[in-house]
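Spelled out, the chains give:
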Amino acid sequence: GQQVMQIPQYQHVQEGEDFTTYCNSSTTLSNIQWYKQRPGGHPVFLIQLVKSGEVKKQKRLTFQFGEAKKNSSLHITATQTTDVGTYFCAENSGGSNYKLTFGKGTLLTVNP
Amino acid sequence: KAGVTQTPRYLIKTRGQQVTLSCSPISGHRSVSWYQQTPGQGLQFLFEYFSETQRNKGNFPGRFSGRQFSNSRSEMNVSTLELGDSALYLCASSRDSSGTDTQYFGPGTRLTVL
Numbered sequence: 001g002q003q004v005m006q007i008p009q010y011q012h013v014q015e016g017e018d019f020t021t022y023c024n025s026s027t028t029l030s031n032i033q034w035y036k037q038r039p040g041g042h043p044v045f046l047i048q049l050v051k052s053g054e055v056k057k058q059k060r061l062t063f064q065f066g067e068a069k070k071n072s073s074l075h076i077t078a079t080q081t082t083d084v085g086t087y088f089c090a091e092n093s094g095g096s097n098y099k100l101t102f103g104k105g106t107l108l109t110v111n112p
Numbered sequence: 113k114a115g116v117t118q119t120p121r122y123l124i125k126t127r128g129q130q131v132t133l134s135c136s137p138i139s140g141h142r143s144v145s146w147y148q149q150t151p152g153q154g155l156q157f158l159f160e161y162f163s164e165t166q167r168n169k170g171n172f173p174g175r176f177s178g179r180q181f182s183n184s185r186s187e188m189n190v191s192t193l194e195l196g197d198s199a200l201y202l203c204a205s206s207r208d209s210s211g212t213d214t215q216y217f218g219p220g221t222r223l224t225v226l
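Residue numbers (my numbering), protein chains in the order written: chain H, 1 to 112; chain D, 113 to 226.
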């Protein structure tokens, strides 16, 4: 079935450094969603990308969807300790229904 | 507006038992999805309900089942529990049926099978 590969699995940074996580698929993605899960918490929706080459920004977070719609990235500028958590990408492969296929996530830790 | 609620939050069962988990979606949301989260397999889709109908199902054995009531509340049931069923079970609700609306996750039910 559809698989979304996410790298890296772990990333440790010093506060103030940048961070990027990548999602890749061997097939064309219909869309890509990004979630953040704090330690002990539940996934929280961040954004959805649908169009080829789409770029969206939320404050220090920049989300990109590749031109071929086979990859996506989340970039955080100048990380803060509040950015700690696991970042997941997911494709809704259910068409007009919901069926999220998640990547394995990237655990971000930030050293103050 | 209250968020998605799940009960119970924690559960301990033994192998062979069955368990029922409950999810109350955000008011006005009619789509409810269930996911299993484990350290090894990550987040995996179980099933999705809309207007009391199961519209999508993931690759889980028949021991995993669910249903949705007319008030959109949903339950999932796992029969003949196995050790590998230990996981965080998350439900998520969405407002409409388009598959493009934001999904809001509940806090999850942590199931431990001994």
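These aren't lab readings, by the way, just hints derived from the structure by calculation.
Warning: the hint list may mix true and false statements.
Going by beta-carbon spacing under 7 angstroms, a handful of chain D positions derived as facing chain H [stated by the list, open to error]:
1) G140
2) S145
3) T165
4) N168
5) F172
6) T214
7) F217
8) L223
9) V225
In silico DSSO-like pairs for lysine-lysine, Cα to Cα no more than 27 angstroms straight-line [to be verified]:
10) K70(H) with K104(H)
11) K104(H) with K59(H)
12) K104(H) with K36(H)
13) K70(H) with K125(D)
14) K36(H) with K169(D)
15) K59(H) with K169(D)
16) K36(H) with K51(H)
17) K56(H) with K104(H)
18) K70(H) with K56(H)
Quick list of the computed label-pair ranges, beta carbon to beta carbon [what the hints assert, rightly or not]:
19) T150(D) with Q14(H): 28 to 34 angstroms
20) Q14(H) with G115(D): 29 to 35 angstroms
21) T82(H) with T119(D): 38 to 44 angstroms
22) H75(H) with N189(D): 20 to 26 angstroms
23) R207(D) with K51(H): 18 to 24 angstroms
24) P120(D) with S52(H): 40 to 46 angstroms
25) P120(D) with K59(H): 33 to 39 angstroms
Here a beta-carbon is modelled for each residue, glycine too, at the ideal position from N, C-alpha and C.
Hints and how they fare:
{"no.": "1", "hint": "G140", "in the structure": "violated, 16 angstroms"}
{"no.": "2", "hint": "S145", "in the structure": "holds, 5 angstroms"}
{"no.": "3", "hint": "T165", "in the structure": "violated, 10 angstroms"}
{"no.": "4", "hint": "N168", "in the structure": "holds, 4 angstroms"}
{"no.": "5", "hint": "F172", "in the structure": "violated, 13 angstroms"}
{"no.": "6", "hint": "T214", "in the structure": "holds, 5 angstroms"}
{"no.": "7", "hint": "F217", "in the structure": "holds, 4 angstroms"}
{"no.": "8", "hint": "L223", "in the structure": "violated, 15 angstroms"}
{"no.": "9", "hint": "V225", "in the structure": "violated, 20 angstroms"}
{"no.": "10", "hint": "K70(H) with K104(H)", "in the structure": "holds, 16 angstroms"}
{"no.": "11", "hint": "K104(H) with K59(H)", "in the structure": "holds, 25 angstroms"}
{"no.": "12", "hint": "K104(H) with K36(H)", "in the structure": "holds, 12 angstroms"}
{"no.": "13", "hint": "K70(H) with K125(D)", "in the structure": "violated, 41 angstroms"}
{"no.": "14", "hint": "K36(H) with K169(D)", "in the structure": "holds, 24 angstroms"}
{"no.": "15", "hint": "K59(H) with K169(D)", "in the structure": "violated, 36 angstroms"}
{"no.": "16", "hint": "K36(H) with K51(H)", "in the structure": "holds, 21 angstroms"}
{"no.": "17", "hint": "K56(H) with K104(H)", "in the structure": "holds, 22 angstroms"}
{"no.": "18", "hint": "K70(H) with K56(H)", "in the structure": "holds, 17 angstroms"}
{"no.": "19", "hint": "T150(D) with Q14(H): 28 to 34 angstroms", "in the structure": "holds, 31 angstroms"}
{"no.": "20", "hint": "Q14(H) with G115(D): 29 to 35 angstroms", "in the structure": "holds, 34 angstroms"}
{"no.": "21", "hint": "T82(H) with T119(D): 38 to 44 angstroms", "in the structure": "violated, 29 angstroms"}
{"no.": "22", "hint": "H75(H) with N189(D): 20 to 26 angstroms", "in the structure": "violated, 42 angstroms"}
{"no.": "23", "hint": "R207(D) with K51(H): 18 to 24 angstroms", "in the structure": "holds, 22 angstroms"}
{"no.": "24", "hint": "P120(D) with S52(H): 40 to 46 angstroms", "in the structure": "holds, 44 angstroms"}
{"no.": "25", "hint": "P120(D) with K59(H): 33 to 39 angstroms", "in the structure": "holds, 36 angstroms"}
Against the hints set out earlier in the document, violations occur for numbers 1, 3, 5, 8, 9, 13, 15, 21 and 22.
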